[in-house]
Amino acid sequence: MARMRFRQAVAAALADEMRADSSVVVFGEDVAVAQGPFKTSEGLLAEFGPLRVRDTPISEMGFTGMAVGAAATGLRPVIEIMFMEFLGVALDQLVTEGAKMRYLSHGQVSVPMTVRASVGAGAGFGAQHSQTLENWVAATPGLRVAVPSDPQTAYGLLRSAIRDDDPTIVMEPRVLYPERGEVVTGDEGIVPLGVARVVRPGNAATVVTLGQTTRVALRAAEEAGLDIEVIDLLTLVPWDRATVLDSVRRTGRLVVVEEAPWSGGWGEGIVSAVVSAAFGDLRAAPFRITTPDVPVPYAKDLETRYLPNVDEVARQVQEFLKTDAVPAPWWVREGVI
Amino acid sequence: MSATTQATSIDRRQALVDDPMAQFARMVEIRDLEERVNVLFASGAIHGTTHLCLGQEALAVGLASVLRPTDVVTATYRGHGMALALGMSPESVLGEIMGKAEGSTGGVGGSMHLCDMSVGLLPTFAIVGGGLPVAAGAALTFQTRGEDGVGVAVVGDGAANIGAFHEALNLASVWRLPAVFVIDNNSYAEYSRINLTTPMEDLHLRASAYGMPGVKVDGMDVDAVIAAASDAVARARSGGGPTLIEAKTYRFAGHSRADAATYRPQEEVDEWRKRDPLIVTRRSIIAKGLADDAALDALDERVRADVAGIVARVQELPGPAMAAMFGHVWHDSPSVG
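Going down the list, the protein sequences come from chains A and B. Residue numbering for the first sequence follows our numbering, starting at 1 and increasing by one per position. Residue numbering for the second sequence follows our numbering, starting at 1 and increasing by one per position.
If you're looking for bench data, these hints aren't it; they were derived computationally from the structure. Owing to the predicted nature of the structure, the values given are computational and were not obtained by experimental measurement. Every residue gets a Cβ at the ideal spot worked out from N, C-alpha and C, and that includes glycine. Among the hints, a few may not be true.
[To be verified] Listed next, the stretches of chain A that the computed footprint assigns to chain B, with coverage defined by at least 3 CB atoms under 8 Å from CB atoms of chain B:
| hint | stretch |
| --- | --- |
| 1 | 2-12 |
| 2 | 48-56 |
| 3 | 59-65 |
| 4 | 69-81 |
| 5 | 108-116 |
[Claimed, not checked] If you want a taste of the chain B side facing chain A, the calculated C-beta under 8 Å gives, among others:
| hint | residue |
| --- | --- |
| 6 | Met-117 |
| 7 | Leu-122 |
| 8 | Gly-254 |
| 9 | Asp-270 |
Work the whole structure out from these sequences, hints included.
Printed below as a string of structure tokens:
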């Protein structure tokens, strides 16, 4: 157990896997000499050398494709996509080549590559460097998607992703990189893929979160004294249906708090699955607290309001628990549009 | 893949080494199978589409004669010839084209996705240029492990205009990877002649932009291909970095099943037909005194009779079980054949 920042937990996971397995290599833009634009690869070049830790040109398509080829032939590459948006120019390689290679080889080829991408709003990076974009990758069979929410899960999910024999993308909420926490390292600190975590038990409603919305929901529960069960999905593909359904069957209410647009956000799938599987157990209609259907705005006040925040989550969940009616999103309630 | 199939693929591959008669026979096999596939598609016996490599047999066989089965190759959706040349059996290739359970990927891949890792063929790429960075990734594996394998990408001239080409060649050169990039320049990117899409016809000249050697070779002449590929492969194996080879070829058929290629002047087709790789190779063998016309006619007939028998047998094979579509999506997918 050691106290460390989220970004240090990422570097620790990379180092531990590189020590355990000589086939693990790391490459991306500025990850070697500069030790990562977010300092998530500190110490790696010094310890593992330039064959295993490499700086790439600004060529996401090129180096993502190289990770596919390296993984298909026996390495376990971990690549860094500095901002999730940059995956746009490399999506072919991850979704159409890498994620299909096992299928199209009839099991002759495994592609154990890990893509790390920083995601999300809240740091003032503007509309082209602040999206989460889970839906770019969540509908591709063959590709796993994990989203850590604190230093421990940053460490543990990344280690699982590197060990996994399928391509996995780990989406790291950028605003969490400086956050500190106690981290269990070593094998005990590994967090399995596909398993959600009940981060706060409760009885009145099940609140499903992912990434940075986990701490938002937890603070809302604390500050407003809400008796809610907060479930941090941790893995979006495949998500842990059993844990969510067990909880909803007990609480009878579902709220999803997501940093994604209302239209097409990942929470649609959660609500749909819960309604289909546990309709009779629901005491009220499920609903989602999302971002509005707009690009991420820049001005600090706008960006802060764009994200589901503690006050908004507390207010909407309180109203929901009182009335069992679905609250309107803030932009409708306040008549902003 | 059974052990027997693997042995057969490697045997078929090794048979080509330094044996002009075997190389001629393989070119005839490719020609004959492609012509029969064309007929099968036209008659409705196969669904979907297909992309024939008629006229481009010498490049495939020349490369296969130089590479080792442990080298890794990425090829394209126009890949039946590469697959056969590298050693895959006509049964497994045609079986896959016809969607049979006995096809190389159990019928889930089809004409554009052929794979046999026992001879280093990754699933062929149906996205133009997609295989370029992946082959560089295979080269990265060899370099990282200190092995003398080579990653080879074979693409068409159309791929020289997609971003993956630039990114893969740049990165492979910067890292001095053991890679060989081969452009099968048949002057047509799908339906468009090269002068309409590209400001130069000699694509090997682009190598200078990446600081690597660029070589032009007559792709209709298997001996010329072998000579150029031997140089490039030797350079890669000895740590000399990547090479770009441009093979001038011609596509005797249209782009795909749907394309009658009426946009090509008949004189152009006639001119290239005079340099049919089967004619060029025949002349070369006779000039070397290895066989006469009568012996080559007999060999040609024998190969075509074998292919005819295979086509008849494969047509009678059963399709995959419905459960086959669920196999090999994930590493822990159910084993369904």
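Verification of the hints:
Beta-carbon proximity to chain B at under 8 Å applies to 0 residues in the stretch 2-12 of chain A; the threshold of 3 is not reached and the given coverage is violated. Using a Cβ-Cβ cut-off of 8 Å, 4 residues of the stretch 48-56 of chain A lie near chain B, which meets the minimum of three, so the contact claim holds. Residues of the stretch 59-65 of chain A with a Cβ under 8 Å from some Cβ of chain B number 6, which satisfies the need for three, so the listed coverage holds. Chain B is given as covering the stretch 69-81 of chain A, and this holds because 8 residues of the stretch bring a CB closer than 8 Å to a CB of that chain, at least three being needed.
Closer than 8 Å: that is the beta-carbon criterion, and the stretch 108-116 of chain A has 3 residues meeting it against chain B, so the requirement of 3 holds. Hint on Met-117(B) holds. Least Cβ distance to chain A is approximately 4 Å, under the 8 Å limit. Given the 8 Å rule on beta carbons, the hint for Leu-122(B) holds: about 6 Å separates it from the nearest Cβ of chain A. Because the closest C-beta pair between Gly-254(B) and chain A is about 25 Å apart, greater than 8 Å, the hint is violated.
At its closest, the beta carbon of Asp-270(B) sits 38 Å from a beta carbon of chain A; the interface hint therefore is violated under the 8 Å criterion.
In this structure, the hints that do not hold are numbers 1, 8 and 9, in rising order.
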